[in-house]
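Student: Now for the letters of each chain:
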Amino acid sequence: EDQVTQSPEALRLQEGESSSLNCSYTVSGLRGLFWYRQDPGKGPEFLFTLYSAGEEKEKERLKATLTKKESFLHITAPKPEDSATYLCAVQESGTASKLTFGTGTRLQVTL
Amino acid sequence: DVKVTQSSRYLVKRTGEKVFLECVQDMDHENMFWYRQDPGLGLRLIYFSYDVKMKEKGDIPEGYSVSREKKERFSLILESASTNQTSMYLCASSLLGRGAEAFFGQGTRLTVV
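Residue numbers (our numbering), protein chains in the order written: chain A, 1 to 111; chain B, 1 to 113.
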């Protein structure tokens, strides 16, 4: 059974204080690893897809990386508007398009 | 702009009622999904569909059924609502194929009293 574990559960940063969120996964064959952002009361918003170990993707202050067992979402010089819950999900080979989600990291960025 | 629209943002239903949650996407996606989201448990897949009239059980299908009569519409049915089905329900759609990202609706907050 797929396992996706995110850490930490919650993270509080000051504006400009860079950090990383972790997503560890266990699947028999990875088809894709996804990062989403979710604001309170809203549906998740797609950020990145990573397919293979060593791959990296960037968008503004966010950078996602992938190894064979985990992914990191690096946040460089965060701003208060980066406050949200960040969700990681995996798509396993042979499971059609089903995504298995972690429970998320709740990020708060203060002035 | 891609769009997944859920029919209601908030619903309050009584125990034992039959509840319909509707979802429509305008992206001609093959896949559609229903998830529920609960604090500490994350998003859990209830059902998904990869084609019209096709459906597959997710991780927590008990107490739910689905209907997909048209490609753009996917309905979640609670046959007899119970208080433990109080939750945030999220619909999503995606293309078939490796790594196709899922686009989510805004969610329906269902309260069963």
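Calculated from the structure, these hints are not laboratory results. Glycine included, each C-beta is placed from N, C-alpha and C at the ideal position. Be aware that a few hints might be false.
As the list claims (entries may be wrong) - Non-contacting residues of chain A with respect to chain B, defined by C-beta distances greater than 10 Å in every case (computed):
no., residue
1, GLY54
2, GLN91
3, THR103
To be verified - Where chain B lies over chain A, by a calculated footprint (3+ residues, C-beta under 8 Å):
no., region
4, 24-35
5, 38-51
Said to hold, decoys possible - Restricting the straight-line Cα-Cα distance to at most 27 Å, the calculated cross-link-like pairs of lysine-lysine (BS3-like) are:
no., chain 1, residue 1, chain 2, residue 2
6, A, LYS63, B, LYS3
7, A, LYS59, B, LYS71
8, B, LYS18, A, LYS59
9, A, LYS42, B, LYS3
10, B, LYS71, A, LYS42
Student: So, for every hint listed, does it hold in this structure?
Tutor: Hint by hint, here is what the structure shows:
For GLY54/A, the condition that its CB be more than 10 Å from all CB atoms of chain B holds, with the nearest at approximately 16 Å. Taking the minimum C-beta to C-beta distance to chain B, about 7 Å, the non-interface status of GLN91/A is violated against the 10 Å cut. In this structure THR103/A is not separated from chain B by more than 10 Å, as the shortest Cβ-Cβ distance comes to only about 4 Å. Given as covered by chain B, the region 24-35 of chain A passes the check, having 3 residues with a CB less than 8 Å from a CB of that chain where 3 are the minimum.
Judged by the Cβ-Cβ criterion of 8 Å, the region 38-51 of chain A is covered by chain B as claimed, because 8 of its residues qualify and three suffice. As the CA atoms of LYS63/A and LYS3/B are separated by approximately 26 Å, the hinted pair is consistent with the 27 Å bound. As the CA atoms of LYS59/A and LYS71/B are separated by approximately 32 Å, the hinted pair breaks the 27 Å bound. The suggested pairing of LYS18/B with LYS59/A is violated, with an alpha-carbon distance near 43 Å, which exceeds 27 Å.
This hinted pair checks out: LYS42/A and LYS3/B have alpha carbons roughly 14 Å apart, not beyond 27 Å. Annotation: proposed proximity of LYS71/B to LYS42/A holds, straight-line Cα distance about 24 Å (limit 27 Å).
Of the numbered hints stated above, those contradicted by the structure are hints 2, 3, 7, 8, listed in ascending order.
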